[in-house]
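Asks: Residues per chain are reported as follows:
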Amino acid sequence: DTGVSQDPRHKITKRGQNVTFRCDPISEHNRLYWYRQTLGQGPEFLTYFQNEAQLEKSRLLSDRFSAERPKGSFSTLEIQRTEQGDSAMYLCASSATGDPFYEQYFGPGTRLTVT
Amino acid sequence: RKEVEQDPGPFNVPEGATVAFNCTYSNSASQSFFWYRQDCRKEPKLLMSVYSSGNEDGRFTAQLNRASQYISLLIRDSKLSDSATYLCVVNSGGADGLTFGKGTHLIIQP
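For the record, the sequence lines run as chains U and S. Note that this note's numbering has the first sequence beginning at 1, numbered continuously upward. Note that this note's numbering has the second sequence beginning at 1, numbered continuously upward.
In short, the hints are calculated from the structure, not lab data. Please read all numbers here as calculations on a predicted model, not as lab measurements. All residues carry an ideal CB built from backbone N, CA and C; glycine is no exception. One or more of the hints may lead you astray.
[Unchecked claim] In silico DSSO-like cross-links for lysine-lysine, where the CA-CA straight-line distance does not exceed 30 Å:
| hint | chain 1 | residue 1 | chain 2 | residue 2 |
| --- | --- | --- | --- | --- |
| 1 | U | 11 | S | 42 |
| 2 | U | 11 | U | 57 |
| 3 | U | 14 | S | 42 |
| 4 | S | 102 | U | 11 |
| 5 | S | 42 | U | 57 |
| 6 | U | 14 | S | 102 |
| 7 | U | 71 | U | 57 |
| 8 | S | 45 | U | 71 |
[Stated by the list, open to error] Looking from chain S toward chain U, a few residues come up when the C-beta cut is under 8 Å (computed):
| hint | residue |
| --- | --- |
| 9 | 43 |
| 10 | 44 |
| 11 | 91 |
| 12 | 101 |
With the rest of the complex left out, here is chain S (with noise of 0.2 Å):
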């Protein structure tokens, strides 16, 4: 079983439009948690933290439920610049290195 999977999609979505991602991860130690997005050919970004008590920014909201180990975002209104690759990222503890889903393609349609 992959370590965290999520649906690659494409997602497409008309302008306006809430979209919602989720993933699972296997790790129950996991500790932090993430949602990253990454633009064709560039570096990922990082979009938020996830939070145990879920959190907002603007048009994301990202929750996490721990019980059944799966993290979710979702975009509010969405734009047209919001097509992107969504990564779930997850850190199993400590300081070491980051486990990427493989990611989560959305288009956003005029």
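The following block holds chain U by itself, in its conformation from the complex (with noise of 0.2 Å):
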């Protein structure tokens, strides 16, 4: 399977505790971008990524939350001191560099319960 990869695909942790993802893009891909999905909502974008260097990053971005993407490939997302407003489903996509449409193929998500 050559699609975006993220794991784990769940995590239940209680509040206060932190929390990592990771995940692997296409690997052809130099761009790799973090969305947020909450029940009943279209994915928010968080950050964005183009080889190691974060590009841009979303107001919802708190500094609880900080990503990475060390040798321009995988990338993880750590939230610290979770709390229950960061129960959701938390996305990867990667683009092509040179694609006219930066058209982005999403992972199959990490799924965060924070009790």
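Please dock the two separately framed chains into a single complex, following the hints provided.
Replies: What follows is the structure, encoded as structure tokens:
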């Protein structure tokens, strides 16, 4: 399978704990995006990497959230001191340089439940 | 005003019928437009990009009206497997994040 992969698929954690999610993009894609989706809403953009550089962050990305893409391949999203409002599906997407429409392809997501 | 607006539905449509969705966007500088399909508890999957001249892919036709800032999706000869949420998506420039509508829920009935 050469699509975007995410790990874990599900995470249940207690309020106040830290969690980390991983995303592996499509291998030839140098752009990687993180989104968050809650029930009944469309995905909301969180942040974007081109290679290892984090080029854009949404105002939704509070100080408790941090994302990295250290070698320009996989990326991690960490949430510190989780809150119940962080419960959501966290989606990763990737796109290719040179695609004039920047078509983004999504992974299966990590569903986070904060209890 | 929301950046991308869609009628949430649900649209209940008999199998074989034609159904059309519209969405409107607020940012006139938007450059790329897409329709994604999302099944329950699954990730969004790219259905089609929307080109200025309009485009067709099998039973699906997408149109863009820049002057009125709306995008449409037409599904002909609908199948039971077309039941899903259809997300209207806009990119306001460059390779930054996409802006999604809340989606239109389509139910195809046998």
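Asks: Checked against the structure, which of the hints given earlier come out wrong?
Replies: none
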